[in-house]
Amino acid sequence: MKKYKSDVVVIGAGAAGLAAAIEVKKANLGVLIIERDKELGGITLQCIHNGFGLKEFEEELTGPEYAQRFINQVLELKIPFLLDSMVIEITKEKFVYAVNRNEGLIEVEAKAIILAMGCRERTRGAINIPGFRPAGIYTAGQAQRFVNIEGYLPGNTYVILGSGDIGMIMARRLTWEGCKVKAVVEIQPYVSGLLRNQVQCLEDYDIPLITNYTVTKIHGRERIKGVTISKVGRNFDRIIGSDQFIECDTLLLSVGLIPENELTLEAGAELSQNGGPLVDENLETTIDGIFACGNVLQVHDLVDMVTVEAKRAGKNAVEYINTRYGKELKKEKTFKCISGENVNYVKPDVINKDELSKNIYFTFRVKYPDRRVVIQLKDENNNIIYSKKKIYVIPSEMIELDLNLEEIKVNPDSKSITIEVIPRLEVLIEED
Amino acid sequence: MSESSVSVVKVIRCIVCPTGCQIQAVSKGSDIVFEGYTCKRGLEYAEQEFYEPKRILTTTIRVESGLLPLIPVRSDKPILKDKLDEALIEIAKTQVSAPIEMGDILIENILGLELNIIASRNLAKN
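Chains as they are written, first to last, in this note's numbering: chain A, 1 to 432; chain B, 1 to 126.
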């Protein structure tokens, strides 16, 4: 077995992995990127539409352009990487095991590991649609790869289930390639992707968006011939008599993403309610020296936010190696971050009390859309320690808060901090 | 001005921020005025969308002897919305050869619109 050593190993060469590795290299530590695909860049390579980079580069780029800028930096900095290499195990002692065709099994001994594996799509199996198993059912991202990278069209007439961003973007992409998208069907009463995609990908091309409906049957044995869609009630139960048949030869599923954390779990790190690793304010998992960033930690709306998070993970891994590596510094006193009313999840999951002078970067999502709300932080005794007005919140837009807990005078004896998003009371607080 | 000369010509959903204001282009006599916007950027967006809607076009071009069969491309400037179809047909007729570098002009001055179709990434020869 071939053995390597590297200060840091980054798993995954997508937007998160590349930015994290660059940050480590700039601090003059050794870093090795391990990627399972045959090239660097990750999923942004197949996101050929524009809308990337407005925050990071202050110009509007396509996905491949965004990736290329980071790939170029990796090459300039001569950061080593392994392609076509699948990491099969990581351990809490920070050994990384990978396999590839040239070298077989590889062991890399690291001081710190950055998890940047991204996420995968939910499939038909995850949402239990009855019917046969004909050809012509794809996840939206899979279809995106076929159309944009491999040069195949999966079909001619489409129904797209789920109004996630990839699904809506694929609706426009397929229309541009001469296909017919008959409908985008969404089980929720609202769109799950970004407004700009709803307007520019669906409304621009008169593609019907059917909310409060879902696919309840798939027709066809060899090839899909159509789907039955049905209206759903409050608990997403099918409303009898609402069935409609839509003829199509392809069904795309854009029904959510799942952080890909098999390696994380096997190493013994804890996951939290959003499916990503449980992390502290340094993006460090429950295992010392193992950090997580990007969509493996939480599904982001914008790649620019992935980059910001990945740079933080890179910096924190460097700080870990320079200050804590090899020492047993117990971090026991923590605040637990709790998701309160209308908060789906919050990152970080815990905050170390000994580092309160540093700013804490909270990211969270609401469960349902609301208008004229206030975001509140409370300590364990329900004292409001921070509040901020917001005009509009929606699950598809991640909310960020950059706060200094010392400045907002959090009670250091509190065991928890709860974030909640509640309808605004008429109190005097600063408008955002 | 009589009430009957006022009519909504177009409803534009603003995408500048998540609020998503419904902005109405209203015809009043010979003028068009915009109503329902809540910020200056929203008004600018509505005016652009009403008078001259444009989009960045992103698609792919077939590649000969490349590491991949396609290269992702974009228009280097926004293109008039009603020219998108024609431009897509023009692009579909095109084939290029690897190697290609990001930013390379693959179709110059497409349809005489004074904009180019450029490569979105590097692509090595196979």
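Heads up, a few of these hints could be off.
[Claimed, not checked] Beta-carbon label-pair distances, calculated as ranges:
1) A:86 to B:126: 17 to 27 Å
2) B:89 to A:241: 41 to 51 Å
3) A:151 to B:82: 23 to 33 Å
4) A:409 to B:88: 54 to 64 Å
I should point out that these hints are in silico values taken from the structure, not numbers from a laboratory. Quick reminder that beta carbons are idealized off the backbone N, C-alpha and C, glycines included.
- prompt: Honestly, which of those hints from before does the structure not fit?
  reply: none
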